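Protein chains in written order, with my numbering: chain A, 27 to 443; chain B, 27 to 443.
Heads up, some of the hints might be wrong.
As the list makes no split between identical chains, a pair holds if one copy fits it or if it spans any two.
[As the list claims (entries may be wrong)] With a Cα cut of at most 30 Å, we get these calculated DSSO-like pairs of lysine-lysine:
id, residue 1, residue 2
1, Lys369, Lys421
2, Lys346, Lys250
3, Lys38, Lys441
4, Lys250, Lys64
5, Lys215, Lys38
6, Lys442, Lys45
7, Lys45, Lys369
8, Lys336, Lys250
9, Lys431, Lys320
Because the hints were derived from the structure by calculation, they are not lab data. If you're wondering where the values come from, they're calculated on a predicted model, not measured in any experiment.
Number of protein chains: 2
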Amino acid sequence: MPFSKFKPLDEKSLIEYIKSVPSLSSKLGSNLDDVTIKEVGDGNLNFVYIVLGPAGSLVIKQALPYIRCIGESWPMTRERAYFEALALREHGQFSPEHVPEVYHFDRTMSLIGMRYLEPPHIILRKGLIAGIEYPFLAEHMSEYMAKTLYFTSLLYRTTMDHKHAVAKFCGNVELCRHTAQVVFSDPYKVSEYNHWTSPYLDGDAEAVREDNILKIEVAELKSKFCERAQALVHGDLHTGSIMVTHESTQVIDPEFAFYGPMGFDIGALLGNLILAFFAQDGHADQVNDRKTYKEWILRTIEEVWNLFHKKFIALWDEHKDGSGEAYLPAIYNNPEVQQLVQKKFMEDLFHDTLGFGAAKMIRRIVGVVHVEDFESITDARKRADCEHRALEVAKMLLKERRNFKAITGVVSAIKKL
Amino acid sequence: MPFSKFKPLDEKSLIEYIKSVPSLSSKLGSNLDDVTIKEVGDGNLNFVYIVLGPAGSLVIKQALPYIRCIGESWPMTRERAYFEALALREHGQFSPEHVPEVYHFDRTMSLIGMRYLEPPHIILRKGLIAGIEYPFLAEHMSEYMAKTLYFTSLLYRTTMDHKHAVAKFCGNVELCRHTAQVVFSDPYKVSEYNHWTSPYLDGDAEAVREDNILKIEVAELKSKFCERAQALVHGDLHTGSIMVTHESTQVIDPEFAFYGPMGFDIGALLGNLILAFFAQDGHADQVNDRKTYKEWILRTIEEVWNLFHKKFIALWDEHKDGSGEAYLPAIYNNPEVQQLVQKKFMEDLFHDTLGFGAAKMIRRIVGVVHVEDFESITDARKRADCEHRALEVAKMLLKERRNFKAITGVVSAIKKL
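Model the full assembly from the supplied sequences, consistent with the hints where possible.
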């Protein structure tokens, strides 16, 4: 390693760094003097450099010892880069088509060298705001989630392997704590960082803070988030953590990864798709009323869950005689009981998914960090209207999630509003 | 430390060992030639030496690299002594009146030096078989459980402290795996180590193996056991892990300790008290029909839960403005919502308790290791009759636990059988 202690790199020092690391320099070609470097990070969490060489490209991501939210700087361990690299490699092993390859990791420098997701890859959230349909999105994301969640759970793993992995990721506690705070706490109390489209949503924000049923439900979800080590979750699987083209879907930025409830990932994706749906009316104009696109989003929501369900069960069936210790073959391998346990497991997971998804929606409307889907609607009254309807759906899903048996019911409820 | 690598001690080497460790020798008095040593371990898991000196006493417990069950030897890491010492110290810090003091721990030797629980302390299970009433048992055990479980949970702890502690105890995975196997798996499949009072219970054992509803419920409990790091549980809190006199209650042997669901400990105690209840008819004779004693056991079962409930809530109320991160004061400190979340929390915990308690009962009747309560009933037909009734109650509790709102309902159900 070229540096014996942490040092934030700039364009100049980065090229020296790359030259000294064969696993990076070899990706770029023989003449490193032709390399171009561009910093593209938003400066909130990390430096992100795109490095283009004569024979190839890569991305360098370096974590800084803080994260910046709405102008405030919160200290945040650089060790998150270590967990990001671990998670990329772990998830990449199970779903290589949807996770960028890691070429190099340097713990001292909190630096990851990885595949550059070349144009026309864009952040899914921006595609959703632009009204672009991604025909393989549901297929790909259901595949990614089914594989990463199934293979890192006790359905597939031995108790030994599982506890060992859980212990390792307990080290990512600072980021878990941050998530717990912004998702399960901040929206339900007065907090200096909370904001919303004022004055229109003042009453909505206050209603969230005074809704005892909501607080009880969110407490249960927070406990699950903090206590239940079900699988290695991405931990921040919103539509800003996914890069897409028409044919490609790539999940990035798993720095919040830890062993937590599966529904936290699935819920993050579905919740953010629902937010995208409700934002569409704010993006509609005379050229495009977004009606067809809204239909596509709802179809995608349905397909994400239904395909996830199908693929997850298929993996379970395929490996039911394997080394996973949750459901031992000697007990559960008869068709009747197998079907019963799978039905119960998927129902519980569905309810978790709706609960976590709803919590993630609420925090994006009255909590600290909002989403571009809504923020890019310049007319505040229009934005507030979209947000209000999303918030109503989220509150209903959080409180009544146990009454939903299938995703069609959820989509109907969304349509009704 | 007198030894640089593990060596099983005998009476002779033990005295040399003690002489070289001031924290041990100082407990015994100045003249160590007057020390007497007696090995009292049952040889199944550990050597246990009682060491009596002129001015004091102590116990030395040394773990062996295996455990022995029904004659078979299963390899089992000596590192369990490390977790036992950790748990004794951790729990002892919160409930010093009910946990023996640790004087010394030697990781290399897997050796704990601790307080000798002098006569008339006996194992609670033996007291229950003998029909002895312990008037402070419910008071003491509810106190021990409320304190050890509350103070090691996120109700009291910060997320940082909690995850750090969880990670540490993940190392005790071998013993967790053993528990998961014998409690949640073995009874539900054909296993060479399973046994029961044959031929009387042949049908009962088969019925357990073929009961799909039971298998679904036990799968849910197993997941909770393996995944949910709610508090530092003792992990083996049956009536054989408690030593008692009329006035004293001491919890020993937490080598199975890990961060798991609180209900696993409370259920272990209640389940074993229910087993003790059903064993009484097998111990009744013309001198003592055990009727009064059975009433005492049932009262104790009620009091254990009710007092635990009261003490746990009292701790919660007392520390509700503290550093615990599960229920932040800014969100939950109004009387109405506080009461609502506590009610929900305790209801969920009650259902967990009944489920785990029932699973622990079942495994003692048709699983690998049985309990002396039943084993000491020499008449097989009589024993089978007691066991059958206990098994019926356990199956009912496991399946219908969510319908119980209070412990009185459970006691009524026990009485009815």
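- Message: With identical chains, the pair Lys346 and Lys250 could be close in the same copy or across copies; at 30 Å between alpha carbons, which is it: within, between, both, or neither?
- Response: Result: close both inside a copy and across copies, 26 Å intra and 20 Å inter.
- Task: Using 30 Å as the alpha carbon limit, work out where Lys442 and Lys45 are close: within a copy, between copies, both or neither.
- Result: Classified as neither: same-chain Cα gap 58 Å, cross-chain 80 Å, threshold 30 Å.
- Task: Since the copies are identical, ignore which copy is meant and state whether Lys45 and Lys369 lie within 30 Å (CA to CA) inside a copy, between copies, both or neither.
- Result: neither (54 Å within a copy, 62 Å between copies)
- Task: First find the shortest C-alpha distance between Lys215 and Lys38 inside one copy, then the shortest across copies, and answer within, between, both or neither for a cut-off of 30 Å.
- Result: Classified as neither; 46 Å inside a copy, 65 Å across copies.
- If the cutoff is 30 Å on CA atoms, where do Lys369 and Lys421 land: within, between, both or neither? Let me know, please. both (26 Å within a copy, 22 Å between copies)
- Task: Indicate which option fits the pair Lys336, Lys250 if close means a Cα-Cα distance not exceeding 30 Å: within, between, both or neither.
- Result: both (24 Å within a copy, 24 Å between copies)
- With 30 Å as the alpha-carbon cut-off, assign the pair Lys38 and Lys441 to within, between, both or neither. Cα proximity of Lys38 and Lys441: none, with 53 Å in one copy and 80 Å across.
- Message: Reference check for the pair Lys250 and Lys64, CA-CA at most 30 Å: within, between, both, or neither?
- Response: This pair counts as neither: shortest intra-copy Cα distance 41 Å, inter-copy 48 Å.
- Message: One pair to classify: Lys431 and Lys320, alpha carbons no more than 30 Å apart. Within, between, both, or neither?
- Response: within (23 Å within a copy, 45 Å between copies)
Hint check: violations occur at hints 3, 4, 5, 6 and 7; the rest are consistent with the structure.
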